[in-house]
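Single-letter residue listing:
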Amino acid sequence: MYGDYSLEFDRTGFPLVRRNDWNYSISLFPVSKYQFERFIVEHGPKGELYTDKWYRENLRINPRRPWFRCEERQWELFITGLGYDEIVPFLRYLGSGFRLPKEKEWLSLLEASGEIRKIIKFERDCPENCAPPVSLWVKKGLFSLVEEGILEMLSESDGCIGKPYLGLLPNTWKPGKIKNVNWDICRHVIGFRVVRV
Amino acid sequence: MLSGIMNLCFDVALSVPVVIMIEPSEDVWGKAYGKIYELLEILFARIKGIFFLGSGTPYSVPIPREFMDSGPMWFDKNRDRVSLIGPILEELERERFRGMIVVFCSALPVDVEDWHESNLLERILFVRTAGESFGDRYHEIGIDAPPTSIMNAIDNPVKRIFIKGKGFVPLLCEITPKGKMDLIYKDGEFQLVPPFREGGFRCHLKCLCEESAPLLYVKREKGLCEPIEGKDEHSWFDEPKWEEIPQHLRPVIEAGILKSEFICPQCKRSHRYDTFICPEGDFILRGMPTNTCILFRKWGYLMLSGFYAYPLKEGRRVITSEGKIYDWKGGVWGFVDEIRPYGEVDNDVWGLFIRI
Chain A
1 MYGDYSLEFD RTGFPLVRRN DWNYSISLFP VSKYQFERFI VEHGPKGELY
51 TDKWYRENLR INPRRPWFRC EERQWELFIT GLGYDEIVPF LRYLGSGFRL
101 PKEKEWLSLL EASGEIRKII KFERDCPENC APPVSLWVKK GLFSLVEEGI
151 LEMLSESDGC IGKPYLGLLP NTWKPGKIKN VNWDICRHVI GFRVVRV
Chain L
1 MLSGIMNLCF DVALSVPVVI MIEPSEDVWG KAYGKIYELL EILFARIKGI
51 FFLGSGTPYS VPIPREFMDS GPMWFDKNRD RVSLIGPILE ELERERFRGM
101 IVVFCSALPV DVEDWHESNL LERILFVRTA GESFGDRYHE IGIDAPPTSI
151 MNAIDNPVKR IFIKGKGFVP LLCEITPKGK MDLIYKDGEF QLVPPFREGG
201 FRCHLKCLCE ESAPLLYVKR EKGLCEPIEG KDEHSWFDEP KWEEIPQHLR
251 PVIEAGILKS EFICPQCKRS HRYDTFICPE GDFILRGMPT NTCILFRKWG
301 YLMLSGFYAY PLKEGRRVIT SEGKIYDWKG GVWGFVDEIR PYGEVDNDVW
351 GLFIRI
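As you go down the protein sequences, you meet chains A and L in turn.
Taking this note's numbering, the leading residue of the first sequence gets 1, the next gets one more, and so forth.
Taking this note's numbering, the leading residue of the second sequence gets 1, the next gets one more, and so forth.
One chain only, chain A, in its complex shape:
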């Protein structure tokens, strides 16, 4: 427990945060490439999806970055450019109750993010089931990336939410406002996080 907040870990070892008065948990980071690759390994290719060719194509729009080099170009740590059909098998792999966040859930995280940043520290008890990047990213304060990070997909909305890093896409957007962006132009900026209900 971290004050009013608790953490749980998905099967890839990445954390979801829940406040006492929320009836869902929401991931502390957008879904990372490290995390998505765990799914790819377990799931394997399906037709042309999740093949080596498919993944290398995806990495061309937002190159991969070693997870321990998290001090710059952080957006390269997170998976972007996936269509909803490519995301659904990942959500199923995580388990029942996982889906994309609704606008309201995402906004609650945005509202709580300052408090979460102050309160969540792993120095004393880095959980055993947490993936190697998580403890480093938390230590470096690289969460929850709602105020600045990447654009994120939502359920029940065609638009995206969030504010991309300036180095990724120069902008003056307000993070909590839904944007209807051109997918073909912006897909390299668009990732997602998950909610578990």
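Mixed in with the good hints, there may be bad ones.
[Claimed, not checked] BS3-like, lysine-lysine: derived pairs with alpha carbons at most 30 Å apart:
hint	chain 1	residue 1	chain 2	residue 2
1	L	K231	L	K241
2	L	K164	L	K178
3	A	K46	L	K31
4	L	K206	L	K35
5	A	K53	L	K77
6	A	K46	L	K77
7	L	K35	A	K53
8	A	K118	A	K139
9	L	K164	A	K53
10	A	K104	A	K53
11	A	K102	A	K139
12	L	K166	L	K313
[Stated by the list, open to error] Simulated coverage check for chain L against chain A, where a stretch passes if three residues somewhere in it have a Cβ under 8 Å from a Cβ of chain A:
hint	region
13	52 to 58
14	80 to 94
15	307 to 319
[As the list claims (entries may be wrong)] A partial selection of chain A residues facing chain L, derived with a Cβ cut-off under 7 Å:
hint	residue
16	E37
17	V41
18	H43
19	P45
20	L49
21	Y55
22	P66
I should point out that these hints are in silico values taken from the structure, not numbers from a laboratory.
The structure displayed is predicted, hence computed values, not measured ones.
All residues carry an ideal CB built from backbone N, CA and C; glycine is no exception.
Starting from the known structure of chain A, fit chain L onto it as the hints suggest.
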């Protein structure tokens, strides 16, 4: 305070296990299939498993033929997987795999940079099936290289091997095949160094240590030092047997303990206690062992030639077969002195080292 005496057995195989990984693309498979079979024929006893990049499933090859027969089926199951090496390396790390890794691929795995700061990278040999060099950071060889060149490239000879631990002092040790372990004392600790660098050996060890058992470390040319745990066993060694001091030598020994004179059993004249050769030419303590440390207690003696060290003062002191005395103080073994003639080393225990 030392926790006491432990009896351990180390079984050590020094051959280097090998893991083979294959990029599961049609192109690589076509070029690598035959080459891997050739390699297996040379290496098969050392192969720990075969993996396809992007899958954590290991395939075992008890005989090379297994790969020839089942390999195409394994490939079909893994065809077109994403070339991810991380999940396999993580599993190997969990298992503390210390061997070498051969990766057949046309391009570097997409996540290889995650391992740039890991010591595992220097134990990976990429066998490149196409294209340009992967760069200086990687050990690589072309697919056209003969299997013996691949063998040489994954050689990882032992540079050092030793047993050590907190408070460790070897007392007795037997090694198979026969050989002599060297005892090294440096900076307040003891290390026992086996004489082998390849093959394998078994070592039965009786030792003193503090809290945790000592470990056997293998440092190879590439990779970190590998710690190997010994298994607890019932004592492999008989209890040390104190021999009886011959009747006619007892006055000589007694004079030694009292630092007085004695009547020589050879010339019947009086000598100082530390006279070992009679002026008339004979060794006075004839019948007693020489060139090793001997301990005395009331009419009994113990020869330390078979020991590396012998514990005294409830394990807070040891004396080596060379007659060197060390005390356990402040968490280290401190050298105290060389044994002096009939020096008291413990309560009612005296020592002697006669060099002839």
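For a quick check of understanding: which of the numbered hints are violated here, in increasing order? 4, 9, 10, 15, 18 and 20
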